[in-house]
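Participant: First to last, the sequence lines map onto chains A and B.
Residue numbers for the first sequence follow my numbering, so the first one is 36 and each next one is one higher.
Residue numbers for the second sequence follow my numbering, so the first one is 375 and each next one is one higher.
A hint or two may mislead.
[To be verified] Lysine to any residue pairs mimicking SDA-like chemistry, simulated, CA-CA at most 20 Å apart:
(1) A:Lys67 to B:Ala499
(2) B:Lys406 to A:Lys67
(3) B:Lys451 to B:Gly517
If you're looking for bench data, these hints aren't it; they were derived computationally from the structure.
Values in this document were obtained by computation on a predicted structure and should not be read as measured data.
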Amino acid sequence: MADPMKIRASMKGDAAEVRILMSHAMETGQRKDAAGNTVPAHFIQTITIDVGGKRVVDGQIGTAVARNPVFGFKIKGAKAGDKVVVNWVDNKGDKRTDEATVA
Amino acid sequence: MKKRIVLLAAVAVAWTGSASAQTKDANAEFEKFRAEMEESNPAELFEVKGEELWKAKRGPKKVSLADSCDLGQGVGKIEGAYVKAPRYFADADAVMDIERRIVWCMTEKQGFKFEDIAKKPFQGANDNNAPDITNLVTYVASGSRNMEFDMPMHDAKVRDAFETGKAMAAYRAGPYDFSCNTCHGADGKRIRMQNLPNLSSPEGALRGVLGWPGYRMTGGVMLTSQWRMNDCFRQQRFPEPKYASQAVTNLIAYMTGNANGQMYKGPGIKR
Numbered sequence: 036m037a038d039p040m041k042i043r044a045s046m047k048g049d050a051a052e053v054r055i056l057m058s059h060a061m062e063t064g065q066r067k068d069a070a071g072n073t074v075p076a077h078f079i080q081t082i083t084i085d086v087g088g089k090r091v092v093d094g095q096i097g098t099a100v101a102r103n104p105v106f107g108f109k110i111k112g113a114k115a116g117d118k119v120v121v122n123w124v125d126n127k128g129d130k131r132t133d134e135a136t137v138a
Numbered sequence: 375m376k377k378r379i380v381l382l383a384a385v386a387v388a389w390t391g392s393a394s395a396q397t398k399d400a401n402a403e404f405e406k407f408r409a410e411m412e413e414s415n416p417a418e419l420f421e422v423k424g425e426e427l428w429k430a431k432r433g434p435k436k437v438s439l440a441d442s443c444d445l446g447q448g449v450g451k452i453e454g455a456y457v458k459a460p461r462y463f464a465d466a467d468a469v470m471d472i473e474r475r476i477v478w479c480m481t482e483k484q485g486f487k488f489e490d491i492a493k494k495p496f497q498g499a500n501d502n503n504a505p506d507i508t509n510l511v512t513y514v515a516s517g518s519r520n521m522e523f524d525m526p527m528h529d530a531k532v533r534d535a536f537e538t539g540k541a542m543a544a545y546r547a548g549p550y551d552f553s554c555n556t557c558h559g560a561d562g563k564r565i566r567m568q569n570l571p572n573l574s575s576p577e578g579a580l581r582g583v584l585g586w587p588g589y590r591m592t593g594g595v596m597l598t599s600q601w602r603m604n605d606c607f608r609q610q611r612f613p614e615p616k617y618a619s620q621a622v623t624n625l626i627a628y629m630t631g632n633a634n635g636q637m638y639k640g641p642g643i644k645r
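In isolation and in its complexed conformation, chain B is listed as follows (with noise of 0.2 Å):
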């Protein structure tokens, strides 16, 4: 009987090395293949098209957003903008993600009405083209290429927005009585093949924000970090936060935080 058990685990302990070792190559394998395509990332056809519809004139005010949009780099500048934020922005009295603030540009600036927005702000699997506000996005984005993360942390209103983002990381709730640090507070933690990034550290925060706003190859759509967070309440059978909230702006705020003075790389793509 002993020695059973003794095989047995022998036996299990062989297979979990497989598996890993399986996982690893397969990760390796998929490094590779994204490494491939960030040469030629599809992303780029978005910035182009976000690149017009920042410089046009448009809404209801027929006014454009570089002519308007002051992203906190002054009036519609772009470099340095993403990862400079979420920050604190005094003429709306937030602290704004990039997202959310050319949300709020779009609304205050040039006229859109918010419903308007909101009704459709994320590329669905069957639509051939992203909403404005994602193209919009990825321009922005592409603005921030090869350069630091650099949220002011020292401002109180961000770092308030941070520990608030800290905290609901850690609140458990919904029907599978999740937190986001369920998965994402631990290092080694994976679903299925994925592996999953524990937010709470420098490398693990810069995997949650590094390659966002990405270009998904499964359906070929274009998705923002707003996306991102959308999808993790959905995931987490938590009901979907509203959007452009202050909510989604603190988690990101909590990973961008994290993964300060690291170096972002623009656009990327996903699997």
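Chain A with its partners taken away, still in its complex shape (with noise of 0.2 Å):
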């Protein structure tokens, strides 16, 4: 079970700022451990976030990015009371939807 995101979203002239703290392992498959076996890869593949009912980000990372990754956004046209619906899934098909409203 994947542990909760933190989201934060406030409006910040005509454009809300949303910042998201993802908790996850992020392992690149590259690593080995102590004794010597390949870690295997785990990470995050697919985002979405989703403010006021609309999707307004639909992407895909990788194992470049770190362990518990931070994303931060600007996105027009939301407005203060939107709810802001933040999902992920991993390579693993492991997911993780947490909301949070804009301010």
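Hints given; two lone chains; assemble the complex.
Facilitator: In structure tokens:
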């Protein structure tokens, strides 16, 4: 079971600034453990963000992103009170959805 | 001959000049990076986990720390607990820092075995998750965000821990004949590009305690002040102290005492 995200969303001028902290190992599949065995790749593959019911980000990331990644977006057209729904799915099919409200 | 020496001296001056300018630039750049990262510090993820652990009924005795653990501000209260420690706890008859106190609560109130906690007290570079104790310390520390350090120096027992810590910082030993003060006892020292704070000054001591517990971007691990002390011992080629020992509390008391009255910003972020 994946750990919850931390999402902060607030209006800055005419755009909503959304900051997302994700809790994920983001294993590259290149590392070896103490016993010399390759640590299997385990990373977030797709991220989607919906603001006010509208899909605004539909993205793919890979193993170049660090453990516990941080994302920041400026989203135009959003307004205070809009619901922000963030979803990610990793290469093992594990997923997580969290939401916040634009302040 | 004389001319050549003068020339060499001039070259030497020019070289040290540019080296310190580079150090300054690098520091300024890193400070910008840190300021940016502090807004979304992954330490918050550990705070959330720590809060769950704090409120959950755990251990052989099935009690929560929120219902049983007094960090000096009343049972279950975390507000200001981090900046008002180390302090004296009558029930344990010892001066304890926050991490040590939580370990005490986990063993005395929840019934965990100390040996089990001490087996793996810190997150290793290859571990995906921080140990429970680190999450708990991070959560408790978040309850002191933007509060001033206020270690009770008027308490004779705390004062004693402070003085012992001060003496330990000056104690030279080990294969390098180093003390803490060899690197941390004067202004303007550094190791490679890393500036070292002078822990005997209020500003330096603040730099020693600020930002712990901290999220280390190298490796993406969450580490506590206790870990920092242990690693200092290791770098000095001293034997590492036992987990949650009085020696570490004393050193933390020495730094916190010197930093008293200055603002703590909550769990931090480190390179």
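Participant: Keeping to a limit of 20 Å between CA atoms, is the pair of B:Lys451 and B:Gly517 held or broken?
Facilitator: Satisfied, since the Cα-Cα distance of roughly 9 Å is no more than 20 Å.
Participant: Straight-line Cα separation of B:Lys406 and A:Lys67 no greater than 20 Å?
Facilitator: violated, 33 Å
Participant: Given the hint that A:Lys67 pairs with B:Ala499, test it: the Cα-Cα distance must not exceed 20 Å.
Facilitator: holds, 12 Å
The earlier numbered hint that this structure contradicts is number 2, and it is the only one.
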